[in-house]
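**Student:** Now for the letters of each chain:
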Amino acid sequence: MTPEEQNFMRKINAEDKIEPKDWMPDAYRKNVIRQMSQHAHSEVIGMQPEGNWITRAPSLRRKAVLLSKVQDEAGHGLYLYSATETLGITRAEMIEALQQGTAKYASIFNYPTLTWGDVGAIGWLVDGAAIVNQVSLQRTSYGPYARAMIRICKEESFHQRQGYEALLALAKGSPEQKQMAQDSLNRFYWPALMMFGPHDSESAHSAKSMEWKIKRETNDDLRQKFIDQTVPQIEFLGLAHPDPAIKWNEERGHYDHGDIDWEEFYSVINGNGHCNRQRIEHHVAAHEEGAWVRDAITAYNDKKNANKIKNVA
Amino acid sequence: MSDAIKAATLEYVTRLGDDSLVLGHRISEWVSYAPFLEEDIAYANVALDYVGRARMFYTYAAELAADGRTEDDFAYMRSDRDYRNLLLLEMPRGDFAYSQIRQLFADVYYSLVLPELVKSKDERIAAVAAKAIKETKYHVRRSRDWVHRLGDGTEESHKRTQKAADQLWGYTHEMFDMDETEQLLADNGIGVDVSKLRDQWHKDVSAILTESTITVPEDSWAVRGGRTGYHTENLGHMLTELQIVHRSHPGCQW
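Just so you know, the protein sequences line up as chains A and B, in that order.
Heads up, the first sequence is in this note's numbering, so the first residue is 1 and it goes up one at a time.
Heads up, the second sequence is in this note's numbering, so the first residue is 1 and it goes up one at a time.
Any given hint could turn out to be false.
Unchecked claim - As a list, the in silico EDC-like pairs of lysine to aspartate or glutamate whose alpha-carbon atoms are at most 20 angstroms apart:
no., chain 1, residue 1, chain 2, residue 2
1, A, K304, B, E156
2, A, K304, B, D152
3, A, K303, B, D152
4, A, K304, B, E211
5, A, K308, B, E156
6, A, K304, B, D145
7, A, K310, B, D152
8, B, K159, A, D302
9, B, K163, A, D295
10, B, K163, A, E289
Honestly, the hints are just simulated from the structure, not real lab data.
Given these sequences and hints, build the entire structure.
**Tutor:** Here it is as structure tokens:
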């Protein structure tokens, strides 16, 4: 190891944060860029399935809460893009990678939001799963990412509560509303479990990420935490658990659960879910339609600057 | 409060609620479609302001009606023929220039209406106006800056902005119309005499358009009807979307 590498590993082992100006191995930099930009893209693409229901929200209060939530998500995206830029990549480069498919986003957003219940399910289960992961990432080794997570987690807990509350209203409502809640739970439960990624034995980036403390807990441990916390929440809603194999294991102190459909997981990851094409096309279309607006800003600013220079001269 | 004043006030706050909800809905259609992320955030934020206003006006309307209706009944259980919003606000989202010109027309209008409304003898109306004034200050700054940039940006942005101004101008005239209801409230210090705001609006908007190299359209045509429920074809479609879930499950809580 070079002295630089030794110093880097010393910091990692001492739980010191790595800061933007610190020396870091290229592979570490790439790994953190991959993870952070993926996180930012997830916030941005996540606006689509939820935005799908803003105009149809069934009450004014729900409409306001959803607008506020989607605004938060966009804000998280912006914040994370900025934090990722500290690693020497631009937002334009990240967006290009997203649109070309070389950067990923959370696969869960490739599932369609078919009913109002899905908005609740996303808040409760998807944001809930994200929080489990993000709480762990508050201790990640890259300083700007860890600090972003502390800030974002606060808002995400509010999102999870509003999602659960929306589903609770359905579960306590008419038979059709209850059916809507059950249907949303059934469709989003398994994809939410997949959000933690493949089993640790199958995970491409896990080992190195753990060593560098980018990742603090394993995919399976985090998933188990989420499974355990979700069981009583489903019971309180009075809904049926989507996993017939769910069973408390006294010895392990955890719930045992059924097998995840990894074939579906890889199929969606590889671009063949319901909405993969739609989500990217939507993003590209909005970006391209906005090109003339961005050009206008540049032209306007150039004119103003030219005037300033003229006035000074 | 006399019965006549009470009925007029109910009608008036319903109109103000309809204006806010319809414009808020149109703005919210931009979320995830904006030219860049900061604008997605800004649009969501402005939409939220308007939905918030709608809720305050409808809540007051429901109290005045005192017939068991709630804010949601006003938003979700009335048809387009019952809505009383200004036509300008229900026009489709259009492109970014169209939305920003509409926004400029509306924002300048509210920047003149709200300081009058805040003096209303009706404390509830005055309180909503006081909150909205702060938001509108920010809204005007935003739409003005955008019209500057789009009007005096590229050839294409200029063309789109001019076209939007020309297309929407004819819908601005009814913003300054008075009817018996509004006159009664204006005479009693509750509502605003909007007919008196027209010149100032024209002056403020013209200044911003001119700074943006946009030609101020001539007053050669005018379409009216929002305050009497005689709408454009756009509102029916908007309400179909807005009300579908609520109306599909009658009497449910959300």
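**Student:** Which hint numbers does the structure go against, in order from smallest to largest?
**Tutor:** 5
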